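Novice: Chain by chain, the residues:
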Amino acid sequence: MKMMNCPLNGLRNISEFVYGGEVKSMPDHVTCSDKEWADYVFYSENTIRVVMEWWFHSPSGYWFIAERHTASDEILNTYDPSERFNERVEFDSAAAVTEEKRA
Amino acid sequence: MPFSLLKYGLKNDYPFEKDADLPSPTELKKHYDVIIIGGGGHGVATAYYLAKYHGINNIAILEKGYLGGGNTARNTAVIRSNYLTSEGVKFYKESVDMFQGLSNEFDFNIMYSSRGQLTLAHTDATVRSFRQRTEVNTHFGGKTELIDPQQIQELVPTLNMNPADMPILAGLWHIDGATARHDAVAWGYAKGATQRGVELHQLTEVTDVIVENGKAKGVKTNRGEVSCGCIVQAVAGHSSIVAAMAGIKMPITTYPLQAMVTQPVKPFLDPLVSSSALHCYVQQTGRGEMVFGGGSDPYPLYNTRSTLDLKESLLASAVEMFPFMANLKLMRQWAGITDMTSDYSPIMGLSPVENYYLDAGWGTWGFKSTPICGKSMAELVASGGKVPELIAPFAMDRFDEFRQVNEMGATAASH
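Heads up: the sequence lines are chains A and B, in that order.
Just so we're aligned: 1 in UniProt numbering is position 1 of the first sequence, and the numbers increase by one with no gaps anywhere.
Just so we're aligned: 184 in UniProt numbering is position 184 of the second sequence, and the numbers increase by one with no gaps anywhere.
Honestly, the hints are just simulated from the structure, not real lab data.
Quick caveat: nothing in here was measured; it's all calculated off a predicted structure.
Take these hints with a grain of salt, some might be off.
To be verified - Here are the computed lysine-lysine pairs in the DSS-like style, where the Cα-Cα straight-line distance is at most 25 Å: (1) Lys311(B) / Lys2(A); (2) Lys29(B) / Lys215(B); (3) Lys64(B) / Lys217(B); (4) Lys30(B) / Lys217(B); (5) Lys249(B) / Lys215(B); (6) Lys24(A) / Lys249(B); (7) Lys386(B) / Lys217(B); (8) Lys90(B) / Lys52(B); (9) Lys249(B) / Lys35(A); (10) Lys329(B) / Lys266(B); (11) Lys35(A) / Lys215(B); (12) Lys329(B) / Lys215(B); (13) Lys249(B) / Lys386(B); (14) Lys30(B) / Lys215(B); (15) Lys35(A) / Lys386(B).
Stated by the list, open to error - Partial list, computed: chain A residues near chain B (C-beta under 7 Å): (16) Glu16; (17) Tyr19; (18) Ala38; (19) Phe42; (20) Tyr43; (21) Asn46; (22) Ile48; (23) Ala71.
Idealized CB from N, CA, C, for every residue including glycine.
Required output: the full structure, derived from the provided sequences and hints.
Specialist: Printed below as a string of structure tokens:
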């Protein structure tokens, strides 16, 4: 059985984890074009090399980042997302824009 | 049955001695009208129809490995058209019709076997979706019926009607469902294409695509550089990687899909049976082996390794459906690399690069579309980029316009 090192729970069975996609930078959903948003949602590099990915430890409800090779399936590193993301992303700006329009 | 088979059956000499093999390899020419990257079913079918219907035969098929050695050889050879969307059903229905005539057309037995495909529903929601699929299929001329548990039991007496404590409520009975020898399909097309002057270059890997001013001009290979009028990319499993050579990013994620087969037993299962809730499909081959398939692996990978996890989960479901199969021994397990799109529909048509045509995103539904995809791609290439109506909904830019073709009926083992 393949194992993965969860930054929170240590070495666990791979079946406890859920894949969450490549780590990509999100465009500003209020100002970006449809094409940019489609690019973010649907398109991906999907290539053969070490890729930074989102993973989720399902039993403990914990999201983290893993660096994994997409052909050998070797997991080189896993760490807490706070190492890359230290600012909170606000999603209510779209609502704020509509409010402004109404006003 | 090909009539020549009957003719040769009455003769003493070995039937196909003269034209048993494909032509010997030749040097690559400097220029071709059409270069097809990928010598699988789709690639050779496209070349075949270009040569047959459009008189274009200055074509090179460039294949990294050997003819039909990729996903053409790795699928579970299911042919069906009981999809959900109008676009999907129309497209696959034509494919099923074409498959039925292929043996005669090739004069080569593709072992087409019309057995019917049965998908089981275990919840009310699935029954509703089956009812919709039945109507859509019937509308487009397919033979699909919704049948009740008693009819299911008559069709498949060995089936456990309460697998994993999920009673079978109804079945989607797709009478047109069939199987064929997948390798033979690629061989038949390759033979037909090479007889018409198409060059098949095996062990020829495309290492780069030459794009000048947004136009595809040629390719670099491990055997030198070749210029061309246009390029068709038909590389199931590595679409993103080959497209990246032309500077194209694709809406694809690549997952392995595993399947396995048991030792042969006496024939007992005529239809192909799949369960929507157990994520498992079971069929018996002409040789008596039981083939099992399920869902894709849980995370993306460019690797055809087999895992114990899948063996355990898939076989647990298979044994629930047919309990006596617990005594069978597994003979082989393998995987294919599938290019999944987020709407479970393929990508066919134009690309952001001029003269570079895409035949990609075939996920787990590539084999069954081989004839119609080849025919449609040939039309597209021959017309210089006029997209046939049948494949227009499957253009890659549907993702940019949020116009996806949500194909819930894409895999026999889900939904």
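Novice: If a hint holds in the structure, say so; if it doesn't, say that too.
Specialist: Status of each hint after checking the structure:
no., hint, verdict
1, Lys311(B) / Lys2(A), "holds, 14 Å"
2, Lys29(B) / Lys215(B), "holds, 21 Å"
3, Lys64(B) / Lys217(B), "holds, 20 Å"
4, Lys30(B) / Lys217(B), "holds, 12 Å"
5, Lys249(B) / Lys215(B), "holds, 16 Å"
6, Lys24(A) / Lys249(B), "holds, 14 Å"
7, Lys386(B) / Lys217(B), "holds, 19 Å"
8, Lys90(B) / Lys52(B), "holds, 23 Å"
9, Lys249(B) / Lys35(A), "holds, 13 Å"
10, Lys329(B) / Lys266(B), "holds, 14 Å"
11, Lys35(A) / Lys215(B), "holds, 22 Å"
12, Lys329(B) / Lys215(B), "violated, 53 Å"
13, Lys249(B) / Lys386(B), "holds, 22 Å"
14, Lys30(B) / Lys215(B), "holds, 18 Å"
15, Lys35(A) / Lys386(B), "holds, 24 Å"
16, Glu16, "violated, 11 Å"
17, Tyr19, "holds, 4 Å"
18, Ala38, "holds, 5 Å"
19, Phe42, "holds, 4 Å"
20, Tyr43, "holds, 5 Å"
21, Asn46, "holds, 4 Å"
22, Ile48, "holds, 5 Å"
23, Ala71, "holds, 4 Å"
In the structure shown, a violation is registered for the earlier hints numbered 12, 16, in ascending order.
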